[in-house]
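Protein chains: 2
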Amino acid sequence: MFLKVRPLEFESRRPTVILNSQDADSMGVKALDRIELSVGSRKAVAMVNVAEHFIQQGEIGLYGEVDDKIDVRMGDRVKVTPCAPPESMAAIRKKLSGNVLNAPEIKGIVDDVVRNRLSDVEVTAFVTALYNHGMIMSEVSALSSAMAATGARLRFSKKTTYDKHSIGGVAGDKTSMMLVPIIASSGMVIPKTSSRAITSPAGTADRVECLCPVNLEIEEIKRVVEKTNGCLVWGGAVDLAPADDAFIRVEYPLSIDPLLLPSVMSKKKAVGANYVVIDIPTGRGVKFKTIAEAQDIGRKFIELGKNLDIRVECASTFGEQPIGHGIGPALEAREALMTIKYGKGQPDLINKVCHLAGVLFEFRGIRNGEEKALRALRSGKADRKFRQIISEQGGNPKIRPEDIPVGDRRCQIKSNLSGKVWWVNNKAIIQVARAAGAPFDQGAGVLLHKKLNSRVKRGDVLLEVYAEQGYKLNRALEVLKGLNTMGVAKEHEMVLAEIPEEEEHRQYFVMER
Amino acid sequence: MFLKVRPLEFESRRPTVILNSQDADSMGVKALDRIELSVGSRKAVAMVNVAEHFIQQGEIGLYGEVDDKIDVRMGDRVKVTPCAPPESMAAIRKKLSGNVLNAPEIKGIVDDVVRNRLSDVEVTAFVTALYNHGMIMSEVSALSSAMAATGARLRFSKKTTYDKHSIGGVAGDKTSMMLVPIIASSGMVIPKTSSRAITSPAGTADRVECLCPVNLEIEEIKRVVEKTNGCLVWGGAVDLAPADDAFIRVEYPLSIDPLLLPSVMSKKKAVGANYVVIDIPTGRGVKFKTIAEAQDIGRKFIELGKNLDIRVECASTFGEQPIGHGIGPALEAREALMTIKYGKGQPDLINKVCHLAGVLFEFRGIRNGEEKALRALRSGKADRKFRQIISEQGGNPKIRPEDIPVGDRRCQIKSNLSGKVWWVNNKAIIQVARAAGAPFDQGAGVLLHKKLNSRVKRGDVLLEVYAEQGYKLNRALEVLKGLNTMGVAKEHEMVLAEIPEEEEHRQYFVMER
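Protein chains in written order, with the numbering used here: chain L, 2 to 514; chain W, 2 to 514.
Pulled out of the complex, with its shape left as it was, chain L reads as follows (with noise of 0.2 Å):
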């Protein structure tokens, strides 16, 4: 059939064209179909609208990047053709019936995804699929393999490079930020890529951004890595595991991540790590429970970095409350460039970053490589090198922890109880931080003034809602009103607090992996 061509001004992630429902119904094409356009040897594939009245019989709608591919006006007329779904469909119904897949199978729907050939109901489709039966190891192995494949790749001239990760979920964890200066200045490479936040307050990269640009190509990666042997950098700027992407805009709506380990694991593959260490918060109100759990979920990560030629370690660590005290881009961005600064600060952090450092420089053969990080830190040596890394990334290496602009609309929450802090809601902390504008508003967050056993009187700051506009601040105060966020008694006192039922804000889920 051929139609004449109406260029629509309509930008869509996949190549989409609209026909009329008559068109479409004589070429017996429906919604979500596939057609093949074609003017003279130029072809592309679209996925099929269909319109009753916006669309006349006779015309073809094209969405920007299908007019762009074939290279049409408004009027050309194009031949249109059924053509049938990517083979990759036929995969996905394969693994939606509980089979398991192979690496081919595999590897081709991850091209599939990564071109934009599928639909949200096929990804979606494969998705639920891989939640609802799972995935036996040399699925998770392909399936990485796959993933690492159809995107960019760093590699250096020192071969050996070493990274970290945390599968998150615990609130202010600044660990990167002052994990890479430490191992960089000892001269092992740790080109450290990083997230933005999804569900919480503040990804790595949400928080590096308050000192230096993040945002940096492969090259400039590379020239960064080569001169100080680290980097902080977003890696969605440089295209890391691009399915991730897609597959993430369907588990989020669902709050389900059954992509957990390859989704890490190609990232590190990605960028060439020899090495890895992987923290696994562990406790209420994170992914991982119980130290049985964290082992488990350790165990698959250590077995498939084997297949995929990483070693990795794993250590799971106490998620039930933020580490340190800022929670916010700026607030913790703060807090790490002070601890850094003065070689002191927020014990909980300070050992985090040091043993997570060690068993990094452990994998190097160096004995006690906890005791090596603190002396860098409290050296100097890793403030030097996070500056120079700073600077090299295109920020400002004098910059001062009060350079860093946070919130001017500021509320403290004070204890109407004296006592000790029993226990802090990491749940309710994270949606009280982005009620306030986090991660968007750099600045805004909260600053926690008391942790875990913290001795409390009557009247004290317990926290402090940091925001930058007065009704972001209004709103994270609504918000804190149905959420209990510390628990304040005194000893021996077996009913620690009153429980209201809290009022969900929404379905709490963390997508942060």
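It cannot be assumed that every hint is accurate.
Which copy is meant is left open, so a pair is good if it fits within one copy or across any two.
[Said to hold, decoys possible] Okay, derived cross-link-like pairs now, BS3-like style, lysine-lysine, Cα gap no bigger than 25 Å in a straight line:
hint, residue 1, residue 2
1, K458, K228
2, K307, K44
3, K95, K290
4, K428, K95
5, K108, K223
6, K31, K428
7, K80, K482
8, K345, K482
9, K491, K421
10, K373, K160
11, K95, K160
12, K482, K5
In short, the hints are calculated from the structure, not lab data.
These figures come from a predicted structure and were not determined experimentally.
Given chain L, work out where chain W should sit, using these hints.
For chain W alone, coordinates are given in the frame of chain L:
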């Protein structure tokens, strides 16, 4: 946040807005999240799309239905607030994790599906969860009831109504067109609603449309049924169980059909049926391959019927070849009209019609129902009733079989062997008929000259392809070349045919049910 309205002349099934990515970030919303729009007291919830350039910062693009709902024009300011996904998402997540849903949860999902409050990702997650985890009978009942309750309902002054349904998959099945007048001619009420073809060459609605209009509204249907005791109309025009259409949009591209039971029975409930006979075609090439499988699904239909207060009987019928000889809307309408007019025709067709009609007669306490049906057919009573129904639905009651136009582009396929027809490939014939243009081109299809066990001489015509357009005839012949439609061989030859590897023109899947 306040944004300036930009109406888009765009249609979408769901209320949708487009935000600039900066504004979306600032509110913390992502693609497929929901926002509430308000102007004074007028409010609407819409799903978010995000664009980089197409929509400027400070603007909001509104699809047609949204600006109608809150009554705004270009440049008006609307207040925009993020809002939570509908509550039914919690139930979808629950099912996704393999849990059993209760009736209110299922009702909530169906309500939101019908009101277009769920995205493709969310509806797909529900459908694949049903496919993966199945449903227990209480869930199937609740789903059927909810699907019936969210659509139109038919009720008649005669309280007892009868109905017939076929699970489909066998080509050329014009049984309903003939069964309805037989039953109605004996004074029993049978308000038959049918579907159009999805993956087959013709649905009953497509067939009947060659004789009279089928897009009747509720009041017209009532009038026809009150007058004639029967009707043969398109269910889609009266919006029975509209949730089913939304589910089909997902099931069709995935080639899965986890909603067979509720899909069929919700519609029977909606039309107020008290007694239903269900035809389960059985054999190679249709949904249920063995009598054991047919019995299994049959028992479920009977049990579900009890829960819905509908008495159900099921018949497993031979499904290994098309019924009668015509396949395609006009060819089938011709055959049905001819058979009912002369009271004779292909024995398999007459046998199937009379057997199923007999079951309905026996519900009413009539013995030898099948004989009664045959009498109605042979005596001309059914023919008179058929023409009365055609007339009341707005067709010409004097129509003769040869008045129905069929395609004039034809090609006969001849046998190059002598012997007997050992098998007929239902699926292949369906694909050829669709390639020829059926069901959209009413006159397109396939006419079988030989059936199972027919004696064949070399050079005899096996079948004839009909099309309305030359290129579709060529397309059909192209499809036919790659498939084996009939197996002809001498008796006692063990090798029936050399079976070449079949080209898969499209993953074959029967959506009809």
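Against the structure, the hints:
no.: 1; hint: K458 <-> K228; result: neither (51 Å within a copy, 85 Å between copies)
no.: 2; hint: K307 <-> K44; result: neither (43 Å within a copy, 55 Å between copies)
no.: 3; hint: K95 <-> K290; result: between (33 Å within a copy, 20 Å between copies)
no.: 4; hint: K428 <-> K95; result: between (37 Å within a copy, 21 Å between copies)
no.: 5; hint: K108 <-> K223; result: neither (28 Å within a copy, 56 Å between copies)
no.: 6; hint: K31 <-> K428; result: between (44 Å within a copy, 20 Å between copies)
no.: 7; hint: K80 <-> K482; result: between (61 Å within a copy, 24 Å between copies)
no.: 8; hint: K345 <-> K482; result: neither (34 Å within a copy, 79 Å between copies)
no.: 9; hint: K491 <-> K421; result: within (6 Å within a copy, 93 Å between copies)
no.: 10; hint: K373 <-> K160; result: within (23 Å within a copy, 88 Å between copies)
no.: 11; hint: K95 <-> K160; result: neither (40 Å within a copy, 47 Å between copies)
no.: 12; hint: K482 <-> K5; result: neither (58 Å within a copy, 32 Å between copies)
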